[in-house]
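S.K.: Now for the letters of each chain:
Number of protein chains: 2
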Amino acid sequence: MPTLPQQPAEFHVFDTSLRDGAQQEGLHLSVPDKLKIAGYLDELGVTFIEGGWPGANPADTEFFRLAKDLGLKNSKLVAFGATRKAGAKASEDALTQALVDAGTDYICIVAKSHEDHVRRALRTTLEENLEMITDTVTFLRSQGKRVFVDAEHFFDGYRAHPEYAIKVVQTAHDAGAEVVVLCDTNGGMLPSWIGDIVRAAAETGANLGVHVHNDTSCAVANTVAAVEAGVMHIQGTFNGYGERTGNADLSAVIPNLQLKFGWQVLPPEQLAELTRVAHAIALVAHQPLLGRQPYVGQSSFAHKAGLHASAIKVDENLYQHIDPALVGNDMRMLISDMAGRANIQIKGEQLGFDLNDRELAARITEVVKARESEGYSYESADASFEMLLRDQLDVLELPFTVDSWRVFTEERDGTNISEATVKLTAKDARQMVVGEGNGPVNALDGALRAALIPAYPQVADFELTDYRVRILDEGYGTDATVRTLIDTSFDGHTWTTVGVGTNVIEASWEALSDALAYGIITKLAD
Amino acid sequence: MPTLPQQPAEFHVFDTSLRDGAQQEGLHLSVPDKLKIAGYLDELGVTFIEGGWPGANPADTEFFRLAKDLGLKNSKLVAFGATRKAGAKASEDALTQALVDAGTDYICIVAKSHEDHVRRALRTTLEENLEMITDTVTFLRSQGKRVFVDAEHFFDGYRAHPEYAIKVVQTAHDAGAEVVVLCDTNGGMLPSWIGDIVRAAAETGANLGVHVHNDTSCAVANTVAAVEAGVMHIQGTFNGYGERTGNADLSAVIPNLQLKFGWQVLPPEQLAELTRVAHAIALVAHQPLLGRQPYVGQSSFAHKAGLHASAIKVDENLYQHIDPALVGNDMRMLISDMAGRANIQIKGEQLGFDLNDRELAARITEVVKARESEGYSYESADASFEMLLRDQLDVLELPFTVDSWRVFTEERDGTNISEATVKLTAKDARQMVVGEGNGPVNALDGALRAALIPAYPQVADFELTDYRVRILDEGYGTDATVRTLIDTSFDGHTWTTVGVGTNVIEASWEALSDALAYGIITKLAD
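Chains A and B, in that order, are what the protein sequence lines are.
When we follow UniProt numbering, the leftmost residue of the first sequence carries the number 1, and every step to the right adds one.
When we follow UniProt numbering, the leftmost residue of the second sequence carries the number 1, and every step to the right adds one.
It is worth saying that the hints were derived from the structure and are not from the lab.
Any given hint might turn out to be false.
Chain copies aren't distinguished; within one or between two, either way the pair holds.
Stated by the list, open to error - List of simulated lysine-lysine pairs, DSBU-like, C-alpha gap at most 30 Å:
#  : residue 1 : residue 2
1  : K73       : K260
2  : K85       : K369
3  : K68       : K423
4  : K36       : K423
5  : K523      : K73
6  : K260      : K167
7  : K68       : K89
8  : K73       : K423
9  : K85       : K347
10 : K369      : K167
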């Protein structure tokens, strides 16, 4: 066993999902979105939450104004900004003043640490850049702030001009920065390159942090390498959001440090919230969470190969690197047409059903195989599998009965509309509802919910988070069989249902109505 | 600058997308899919393509039968299998024979190298496990095969019982395995743990390879660490597909070695195909390629921060870790930028239009960019591109005018019907037609054809051969933007049209009506 690094007396997990994470292409966070995410991060208990750049961005100014009322219990808010302009004074700089006015105890400012960037991008002298750092940090300190300095392009800067890069760290440290954060801004580093550079910077006596991007697919590894070399502050984002290839994914860095090094980064009971929080943030950020995302993805403890099923019965730890419960995830057996009776039994037991009866298990396996040969895929549709299981075990009580539905789409004078009608009975009351939408499935979704809300008001909070269509037998034109998968979320849980048919609307309807039925049966207290 | 590792005289890039990659939840590859992907991998020039497990899986047996006719130019096929059963003889083992029969020169067999797995999962003795390795390798060698051995759970095995793990490597090497591949099967390793273990295994004198999974989000970094410690063979998958969290992503490992270490893993002109091949594989695998996937993702060289814009003008290399052209990517990776003026001119000329006028070409490029930013993709829809070109050049004469269309789908008493109405004018005659079908698009297709046949009887022979739907912004539920692509064939010609909308029916209608209009304009003699 290798020697494990010791946890420093003080260690910061600094989340920048709301600032650097929001730089991701296609990711848009409103102020309420940001407030919600800050709440989740506080529940999890990261040390710092960087909220944005007040003054530079009106929405961020607003965020800091409203965040004061969040009542954060575990985390501290940080306002992000930059060193003052060349040739100016920090005390007279409007942006610096906006940072002070944000009202946080902590401020993180970015400073250039690469000679070429100072000369060519900032277009000032090396000396003036140092003076900008000293002046800004000193001023903020004089206003009672605690200051972190992000040394931008530090790793590239060190490799090109080591002396100047180190001088920047020294200057920030001497001016009173509590942590100097070494940034791999362009994301081009490899883990084996990180250690020596971190150790060189440590000779300044500064407390060091690290902030890296994922351009070599090594952001998590680079962060871990920096920790091994002695940094006491790590910056990253949840689910790895960020500009270009993203930032270091804290949902992987945190459990790596806690479970591989044995550190206490978070209290164990909060680490067990990791999966829930990662999914909740993904939901607010409107980004589907990749099934294979380490630690927190839906597939990250899933087993498919029949090869493994019998061995897993012996000892599941033979086939998983950690106990998934530690991060709030689950071991899942995938149900696929490759899967035999053993898989079905394990899966059934996980869902709380007794399938020890071999004959029963064999019969259900046959049903699953027959349905999968029609195009159903239960591997990725646990909720539909549970509905099938309940049906086979005669314990399925459907919360509503659909009498009929119809949907039409029409174009007239270049305008499209889709309109759906659903007729159903729920809790002995008949409902007849019309819904409109962007397309037929959206219209059906709206009508079905509206028809269910009188009997099950919480259905209004079911969120349809993903809808996927796959044509199974390409080459058959519009007459092909299609499979639709729908993800639905409610109260931190997400479930997937599947529908199949040659008619895409019929297949979507099946997945949709099963999604709502499953949610009502399993997620709502009676 | 750190010392860079030297490239070994022989170095293998071993792709297992078709075998281990296919273990990913939700990823289903048909035999034609696998043949297509093998073709792409060969174009790129990976050393080895592991195609599956012949004998264990009928589809894989079929793949190897058909793959013989692929005429691969750069890559060699490898059949995957396991050591023979305990207590049996390799020469009498049906699965071993199936490996031989697959007809590849190279075979890769998996062997257990973790004491606990031998005892508890395989349920045999440590000695018999070694004998299984020797017997299987020796037999395959006697059949003229070149053999690789995957040492399963090697890193965990070494940490728990180093002597036995090393003995497995030694045994495989002594029996004639050309490479022994150290596997992090459960994916729990960190880069700093890899080096010492690889160096310990190297003392056996075996050529070593590495095969890791991404459970700590370090698969790429762990592969690079193993390379730094001296392995001459790396296994991975394209886009990181694989069981649980996936395998090491070759689309990141290859450029890391080539561009960070200066190795020649692929000829530079083939490395420039990396982005194209990664996307082509994603398309066949039906997996959306994450925008922030390192090196090849659409966002991975995209800049959002206004902060950078002016600096990028000074020198774009200040803000990117490599020149994206080296991997066939682009600094502004919006789809629209794939279509520069030169491309449009070349494409236009191929279609027989004169686009030498720079201003005209620039204007058309702008239109294409605007449409692609809405979600259109002309790369795969030549017919729609030609329609757009004709429109811009004022030479588009539409063969019919649609007044309106509508389609409805309904379910009553468990039966589905879809019915469409189309009203249009063709050759001065108004047509009003109703069609039924398996789903709304099929019904629209039927009605539109029926309405066109009086004016253009040959439309009856237009065959709609493929219909594909892609959700562009997953995570938006049923409200997402979708792109549909339709292939139509007539008289030996096939053409593709595209439609986009938040309404799948509207998008399908657009592709459908363009498909028939294009066919009438270009394929029918007047």
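S.K.: Hints first: check each against the structure and report whether it holds.
M.R.: So, going through the hints one by one against the coordinates:
Proximity of K73 and K260 under a CA criterion of 30 Å is satisfied intra-copy only: 27 Å inside one chain copy versus 44 Å between copies. For the homomeric pair K85 and K369, the shortest alpha-carbon distance between copies (28 Å) is at most 30 Å, but the shortest distance inside one copy (59 Å) is not. Taking identical chains as interchangeable, the C-alpha atoms of K68 and K423 are never at most 30 Å apart, the minima being 48 Å within one chain and 56 Å between chains. For the homomeric pair K36 and K423, neither the shortest alpha-carbon distance inside one copy (36 Å) nor that between copies (46 Å) is at most 30 Å.
In this assembly of identical chains, K523 and K73 lie within 30 Å of each other by CA distance solely inside one copy; the values are 29 Å within and 55 Å between copies. Proximity of K260 and K167 under a CA criterion of 30 Å is satisfied inter-copy only: 27 Å between copies versus 34 Å inside one chain copy. Taking CA atoms no more than 30 Å apart as the test, K68 paired with K89 passes inside one copy only; the shortest distance there is 29 Å, against 73 Å between copies. For the homomeric pair K73 and K423, neither the shortest alpha-carbon distance inside one copy (48 Å) nor that between copies (60 Å) is at most 30 Å.
When the C-alpha separation of K85 and K347 is checked against a cutoff of 30 Å, the pair qualifies only between copies, where the shortest distance is 28 Å, while the shortest distance within a copy is 58 Å. Proximity of K369 to K167 under the C-alpha cut-off of 30 Å is found in neither arrangement, the shortest distances being 60 Å within a copy and 42 Å between copies.
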